[in-house]
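Model the full structure from these sequences, guided by the hints.
2 protein chains.
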Amino acid sequence: MMPTGIRARETCGKGEKSETRFAQVAPVSQVTRSLVAIACLTLLVSPLEAAEIKPQRFVMPNGLTVLVVEQHALPIVQIQALVKTGSVQDPPEKAGLSNLVAGLLDEGTTTRNATQLAEQIEFVGGALEAKAAHDFTTASTRVLAKNTALGFELLADILLHPSFLEPELERVKKLILGEIIAQKDDPGVVAGKAFSQLVFDGHPYSWPVNGTDETLPAISRADVQAFHAREYLPNRTILAVVGDVSVEEARALADIHFGAWQKGPDPARSAASPAAIDKPVVQLIDKELTQTTLVLGHLGISRTNPDFYAVTVMNYILGAGGFSSRLMDSIRDRQGLAYGVMSQFEPRAEAGPFLVSLQTRNATANQALAGVLKELHAMKAAPVSAKELSEAKSYLMGSFPMRFDTTHKLAEVLCQVEFYGLGFEYFTQYPKWIEKVTGGDVLRVAKQYLHPDRYALVAVGKMGEAKLKQQ
Amino acid sequence: MMPTGIRARETCGKGEKSETRFAQVAPVSQVTRSLVAIACLTLLVSPLEAAEIKPQRFVMPNGLTVLVVEQHALPIVQIQALVKTGSVQDPPEKAGLSNLVAGLLDEGTTTRNATQLAEQIEFVGGALEAKAAHDFTTASTRVLAKNTALGFELLADILLHPSFLEPELERVKKLILGEIIAQKDDPGVVAGKAFSQLVFDGHPYSWPVNGTDETLPAISRADVQAFHAREYLPNRTILAVVGDVSVEEARALADIHFGAWQKGPDPARSAASPAAIDKPVVQLIDKELTQTTLVLGHLGISRTNPDFYAVTVMNYILGAGGFSSRLMDSIRDRQGLAYGVMSQFEPRAEAGPFLVSLQTRNATANQALAGVLKELHAMKAAPVSAKELSEAKSYLMGSFPMRFDTTHKLAEVLCQVEFYGLGFEYFTQYPKWIEKVTGGDVLRVAKQYLHPDRYALVAVGKMGEAKLKQQ
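So the protein lines, in turn, are chains R and C.
Under this note's numbering, residues 1 to 471 are what the first sequence spells out, in order.
Under this note's numbering, residues 1 to 471 are what the second sequence spells out, in order.
FYI, nobody ran anything at the bench for these hints, they're computed from the structure.
Any given hint might turn out to be false.
You can't tell identical chains apart in this list, so a pair holds if it fits in one copy or across any two.
Pairs of lysine-lysine, BS3-like flavour, derived with a Cα cap of 27 Å [as the list claims (entries may be wrong)]: (1) Lys279 - Lys447; (2) Lys436 - Lys146; (3) Lys462 - Lys174; (4) Lys462 - Lys374; (5) Lys432 - Lys374; (6) Lys173 - Lys84; (7) Lys462 - Lys287; (8) Lys432 - Lys409; (9) Lys84 - Lys54; (10) Lys287 - Lys184; (11) Lys287 - Lys174; (12) Lys467 - Lys184; (13) Lys387 - Lys146; (14) Lys146 - Lys432; (15) Lys184 - Lys94; (16) Lys432 - Lys54; (17) Lys436 - Lys469; (18) Lys447 - Lys380; (19) Lys174 - Lys374.
Here it is in structure tokens:
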């Protein structure tokens, strides 16, 4: 939430790839030329094999699951903890509790105040942070390899021994309230929050992770302490260690700094899944803006849904495929209605949202809405072309290694692979799972998971100009 | 410029480190404990040395400078070209020209249309992009190592042979215009653009890189073609190749794909440097917002200014030091006026801007402004403490390797090190140059480069509530 200031201007130029559709001649000659060029250079190519991700996993006596990946290219170590609690565990009238707890972790421990924590990590050029999401909370540190022990020590200290002093509690609550108020000026966030309320009505996914200006003041120090005592347990935590560290060193440091963490009983969990809406619901939010932000969607899938990979391919073709998706082709390139448009499934522990979002001139909001609904219907009506299917799969397979091209990203992915129980074969099998998706799978999941007849729609803009009509 | 939608909510929780100042006891016992822990683990530590950046550099007969860094940890290759032209070369009445040229590079070449370019790169899961900045333009591609030859081929094709067809020109102009219009809803961008106009009045840094809705329509295809022919020359270009590629392979591929690029005469350059303003100038922009965005600053320094390192340390203490800067301590932690506040020097080829930016409630705008000016005066009035100096230097030295922890970041830094003529000793000497900065240096550069008596100030918010007074 730092103000962007002049920096924003630096990167705001149109400078990403786009495309036209006026000539679909397959560029065979160029591909052939490339293959020849590659063949010519085979003798020059580095003999090293492509790097593989082979995590080591062990469970400590207190139940803490530790994952280690050695990467010695840079003298950096990332240590990330994932605690299996998040805003879904907030009481509705105290929404924002898990986020407040996470925000207070580095505001002081029983042996270090906030200043000392900040100074110790900054003194070695490192970083220390914690944040809550819907289903889990992460706390992480990044240090130079020579400071790995300090990284373990500080991360363990904030997770195990936060002091939650009253002055820090009040100060952080005030900061989060300021953030919530500032978000009311951001049409994207306003639309997203309203959309979640419509789609997840009655389910914990309906409230914002950071709470509201009504629920946050209701949270007491006792709430924070009780939440931490109940939810932050080693047997509910995954620790990923990635970078210039050996498995033996990581194991020894985990033992030193996390070994004394006391196991506890698994907290009670309600089993309620979010329910689908059964007819279109629309919310219009009038603001004095030159553009209207549209968010349209409905319930999507959970991360453990076996259709995840088919849905990923389908959604790439629909609207996640950067500048070559159907939505971009229609809304941006052919109709010129928006600078960008995207669709996303956000899989969570339970079914998360599916949504399409865009910004368009107030006067073209109806045309953009019609364009989006048309593409959703089209995905369900007929199979995608062989070319679309092959391009989507090729992109998803080819770009897979770039999802963990930093220690930070890899530690995040590792934690989530463990959290969702995907198995480490994820790192080698993902391309094969994508490869196996057929055109029939894509049509089937489009029919099953896209619902242009019962969507939630939020529009934020000058409603007098947009004159939105339900379609 | 993709709409943020619901994603924004995922990461908006307060979850970064902060600090209080109520107890400044040095955490000696913890540091000692860490050192002991490290000592105990020495035998377990990986034997690999910290990675060093040792670029290979060669200049091709046509003047193209090629820099190569081998990194074989991941099967990824980043190829980045920096062309020594940017928005400073735009004619004032055609501001946005260099950005439009960059945006059109991947919209079609003499042998591939935009669709073919997008499909070829996406088919291998890669990325291809180009963007202009003030002093230079970058075009880059990222591919899996097995597709390195294709990466070279496509990057060379868009740099050497863009077709600039009329339909693409019109379409991209329309997209950039849409972006410019959308930016009018973003108070941070509005403030940044107004600030640049005040600070760089009469200098090319005064106009936005992406132009304005008046200048962009004035640009013709002939303008674009002439700009490209004059400015895009191998002898004005740096090519950085980073990742899972050998120096020999990079050299061979550069020769194949860039060898035929024709050298040309260096284009004429005007020598005008931006001039400092001599008294406070204020611009108030009234908008119906709950918060006021403030941007305050003046001319800063160029990247080649020998005081760069002392200014970096000084500015870290003032307002760039994350959550432990003086501005954060005063404006955020002690007065609770803003969620974040930062100061930055943005060094460019010529003196770039120095600015402080924050968002605060409309009603507290005057108090925040007073707080900022007070800290600027304080930096000039007295030396920083030994503790502040040591913490700043320690952070800057310790975090240095994280500035190039991806192939993408390293390729960017490499290009800029060459562009500014910093020498490759930058990668080994930066920590020493920071270490050498004294408290006397910090006070001297604060006195020389901070001007709280002749600033430019832009405020965007509800001006009737903010009632800003010049201070």
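Against the structure, the hints come out as follows:
no.	hint	verdict
1	Lys279 - Lys447	within (17 Å within a copy, 65 Å between copies)
2	Lys436 - Lys146	between (44 Å within a copy, 22 Å between copies)
3	Lys462 - Lys174	between (31 Å within a copy, 22 Å between copies)
4	Lys462 - Lys374	within (24 Å within a copy, 40 Å between copies)
5	Lys432 - Lys374	neither (32 Å within a copy, 60 Å between copies)
6	Lys173 - Lys84	within (23 Å within a copy, 48 Å between copies)
7	Lys462 - Lys287	both (5 Å within a copy, 14 Å between copies)
8	Lys432 - Lys409	within (22 Å within a copy, 30 Å between copies)
9	Lys84 - Lys54	within (23 Å within a copy, 42 Å between copies)
10	Lys287 - Lys184	both (11 Å within a copy, 14 Å between copies)
11	Lys287 - Lys174	both (26 Å within a copy, 25 Å between copies)
12	Lys467 - Lys184	both (22 Å within a copy, 22 Å between copies)
13	Lys387 - Lys146	between (50 Å within a copy, 22 Å between copies)
14	Lys146 - Lys432	between (38 Å within a copy, 18 Å between copies)
15	Lys184 - Lys94	within (20 Å within a copy, 36 Å between copies)
16	Lys432 - Lys54	within (17 Å within a copy, 37 Å between copies)
17	Lys436 - Lys469	neither (41 Å within a copy, 66 Å between copies)
18	Lys447 - Lys380	within (5 Å within a copy, 67 Å between copies)
19	Lys174 - Lys374	between (45 Å within a copy, 24 Å between copies)
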